[in-house]
Amino acid sequence: MATLPQLIEEDIQRIDASLNDFNAQADATVALVIDKGGFLITHAGQAGELDLTTIAALASGAFLANQTIAGLVNEENFNCTYQQGERTGLFIVNIDEHCLLVVIFKAVTGVGVVKYYASAAVQKIARQLAVAQAREPGKGFDLSELNVADPQNLFRRK
Amino acid sequence: MAIINQATKELQVKVVYYGPAMGGKTTNLVQVHDHVQTAAGNKGKLVSLATSSDRTLFFDFLPIEAMTIKGFKTKFQLYTVPGQVIYNTTRQLVLRGVDGIVFVADSQYEKMPENVESFQNLLENLTSLRMNLAEIPYVLQYNKRDLPNAAPMEYMEFLLNNRDVQVPSFGGTAHKCEGVFESLNMITRMLLQKFINQSAPQYA
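Those sequence lines, one after another, are chains A and B.
By our numbering, the letter at position 2 of the first sequence is numbered 2, and the numbering carries on one by one without gaps.
Counting from 1 along the second sequence, just add 1000 to a position and that's the residue number in our numbering.
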């Protein structure tokens, strides 16, 4: 299974810049880039007390459930999902094979404007992810300091 | 697959608890949530997408932060799958991007066909995701050891741990938190070991 590339600081800075531009244009509250496995990669905006880790896990599950429904109704692709609430809206759109853009916005903003500006943001983010994919990150992830045979370092019961 | 984010200095890892219905997967997560010793703010909420009768409908989800290694935070995301046969599509969705698996088997004699069927289903679902169990760290937990009709561990090993490479296995009584942390710590160790091997310098 192909995997998400290692992301370096430059990647995240550029993705964050795209998200900040998008938030300003679409008047979004917070925008997240997440992996389809449910991981939060980065976010921009006013997250406040929002539990973004859990939102990322649930959003990816919801999006993938819709993709599966698409298959069942012989639709090749539902590339976005939208939830309309009284005060808040949620928009999830596909970025590439691995990632999704999740947007939380005030209901008064309207999904049209979010959808319009999201398409440009998605393209910018996808380009940056493609750059990261093409790059060979020279620096590995050095875990050599950890003694994995020592259970004291891991999860402990109260 | 695990996300290594050099910018935010994070390693994010996904562990899925798999197994037959009513085997104790959700109980494992509840026990970890209730008993894990973490610094303040390092344990997230346990989210359960369950039916009105408390059966898992989509998944349970528990994010926990473990140790920091050389400045990198290691974040573990624990998921369960719904065990009931009809929810296979959901199980496939949850398995996407999995790094490690804890297979929770039910030790009761009459549950052996379900254990074997669930293990077979895991293999099939991984294949459909173009993954291979031989390349994914996993451990076995033989749960419900406290019940009088529990089959001997040797019998369960013969049924479920009889592949080319035998994996670590643990007896468990999840509702008393027995075997829960043993399984979690072992899969964590195996995963970190895998990352160490992957990150070792490659010489041409």
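Check before you lean on any hint, since a few could be wrong.
Calculated pairs, SDA-like style, for lysine to any residue (alpha carbon to alpha carbon, straight line, at most 20 Å) [said to hold, decoys possible]:
| no. | chain 1 | residue 1 | chain 2 | residue 2 |
| --- | --- | --- | --- | --- |
| 1 | B | Lys1009 | B | Lys1194 |
| 2 | A | Lys158 | B | Met1067 |
| 3 | A | Lys124 | A | Gln13 |
| 4 | A | Lys106 | A | Val30 |
| 5 | B | Lys1045 | B | Tyr1087 |
| 6 | A | Lys158 | B | Lys1176 |
| 7 | A | Lys158 | B | Lys1009 |
| 8 | B | Lys1176 | B | Gln1037 |
| 9 | A | Lys158 | B | Leu1057 |
| 10 | B | Lys1009 | A | Arg14 |
| 11 | B | Lys1073 | B | Leu1057 |
| 12 | A | Lys115 | A | Ala132 |
| 13 | B | Lys1009 | A | Lys115 |
| 14 | B | Lys1194 | B | Asp1164 |
| 15 | A | Lys158 | B | Asp1034 |
| 16 | B | Lys1009 | A | Gln6 |
| 17 | A | Lys158 | B | Ala1039 |
| 18 | B | Lys1045 | A | Ile8 |
| 19 | B | Lys1009 | A | Val93 |
| 20 | A | Lys158 | B | Lys1194 |
| 21 | B | Lys1045 | A | Ile55 |
| 22 | B | Lys1073 | A | Glu76 |
Bear in mind the hints are in silico, worked out from the structure with no lab data behind them.
Computed from a prediction, not measured in an experiment: that's the story for all the values here.
Take the C-alpha atoms of lysine 158 of chain A and lysine 1194 of chain B, compute the straight-line distance between them, and say whether it is at most 20 Å. This hinted pair is violated, its Cα atoms lying about 28 Å apart.
Does lysine 1176 of chain B lie within 20 Å of lysine 158 of chain A when you go C-alpha to C-alpha? 13 Å, holds
With the threshold set at 20 Å, check whether the alpha-carbon distance from lysine 1009 of chain B to lysine 115 of chain A stays at or below it. 31 Å, violated
Given the hint that lysine 1176 of chain B pairs with glutamine 1037 of chain B, test it: the Cα-Cα distance must not exceed 20 Å. 17 Å, holds
CA of lysine 115 of chain A to CA of alanine 132 of chain A, is that 20 Å or under? 25 Å, violated
Mind checking the alpha carbons of lysine 1009 of chain B and lysine 1194 of chain B for me, to see if they're no more than 20 Å apart? 19 Å, holds
Run the distance test for lysine 158 of chain A versus lysine 1009 of chain B: straight-line Cα separation, threshold 20 Å. The hint is violated at about 27 Å.
Compare the distance between the alpha carbons of lysine 1009 of chain B and glutamine 6 of chain A with 20 Å, and conclude whether the hinted pair is satisfied. 11 Å, holds
Straight-line Cα separation of lysine 1194 of chain B and aspartate 1164 of chain B no greater than 20 Å? Holds, at roughly 19 Å.
Hint consistency between lysine 158 of chain A and leucine 1057 of chain B [alpha-carbon to alpha-carbon, up to 20 Å]: Outside the cut-off at roughly 30 Å; violated.
Between lysine 1009 of chain B and arginine 14 of chain A, does the CA-CA distance stay at or below 20 Å? 17 Å, holds
What's the verdict on lysine 1073 of chain B and glutamate 76 of chain A, does the C-alpha distance respect the 20 Å limit or exceed it? Violated. Lysine 1073 of chain B to glutamate 76 of chain A sits at ~38 Å, over the 20 Å cutoff.
Of the hints listed earlier, those the structure fails to meet are numbers 5, 7, 9, 11, 12, 13, 18, 19, 20 and 22, in rising order.
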